[in-house]
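**Student:** Sequence:
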Amino acid sequence: MKVGPGGIETISGALKKPKKQDGHNHGNYVVATHRKAASTNPNCQRLYVKDPDAYKRTTPLSPKELQIRARFTAVRAMIAERKEDLSKITDDQIAFAAQKNEPNGKKTMLAWYWKVCGQEYDQTHNG
847 MKVGPGGIET
857 ISGALKKPKK
867 QDGHNHGNYV
877 VATHRKAAST
887 NPNCQRLYVK
897 DPDAYKRTTP
907 LSPKELQIRA
917 RFTAVRAMIA
927 ERKEDLSKIT
937 DDQIAFAAQK
947 NEPNGKKTML
957 AWYWKVCGQE
967 YDQTHNG
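Quick note, the working numbering runs 846 ahead of the 1-based positions in the sequence shown.
Please note that the accuracy of each hint is not assured.
Listed below are the simulated BS3-like cross-link pairs for lysine-lysine, each with C-alpha atoms no more than 27 Å apart in a straight line [what the hints assert, rightly or not]:
#: 1; residue 1: K929; residue 2: K952
#: 2; residue 1: K934; residue 2: K952
#: 3; residue 1: K863; residue 2: K910
To be clear, the hints were calculated from the coordinates, so they are not data collected in a lab.
Construct the entire structure; sequences and hints are all you get.
**Tutor:** Have a look at this one:
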């Protein structure tokens, strides 16, 4: 929200979400958007009202989506375990620092863990 001397000038985001009560939703989504791109159209503020189930998934998860979710869960567990392993912390920090300033190097330790553990997961599960 951007507020000026005359009050609210622009607003963007969810203004209202449905309240779930007794197993069903009450109310609607009210979403505001503000266009920032240059345009000759003076109407840059839009307001949308959507049904409570507008963002509810209507199709079952595909096998590919289930694979992606399983990989994410497994890699996240690998990262948590590796971060706590005292025998690997020093070597991991050295390896991270060595690649950090490379062209495709990971800039944060967490990103580096995701790369390394993701590659390890892919090697053991995909060949």
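**Student:** Next step is simple, just say for each hint if it's right about the structure.
**Tutor:** Hint check results:
1. K929 - K952: holds (16 Å)
2. K934 - K952: This hinted pair holds, its Cα atoms lying about 18 Å apart.
3. K863 - K910: Cα-Cα ~31 Å, so violated.
Checked against the numbered hints above, the structure violates only hint 3.
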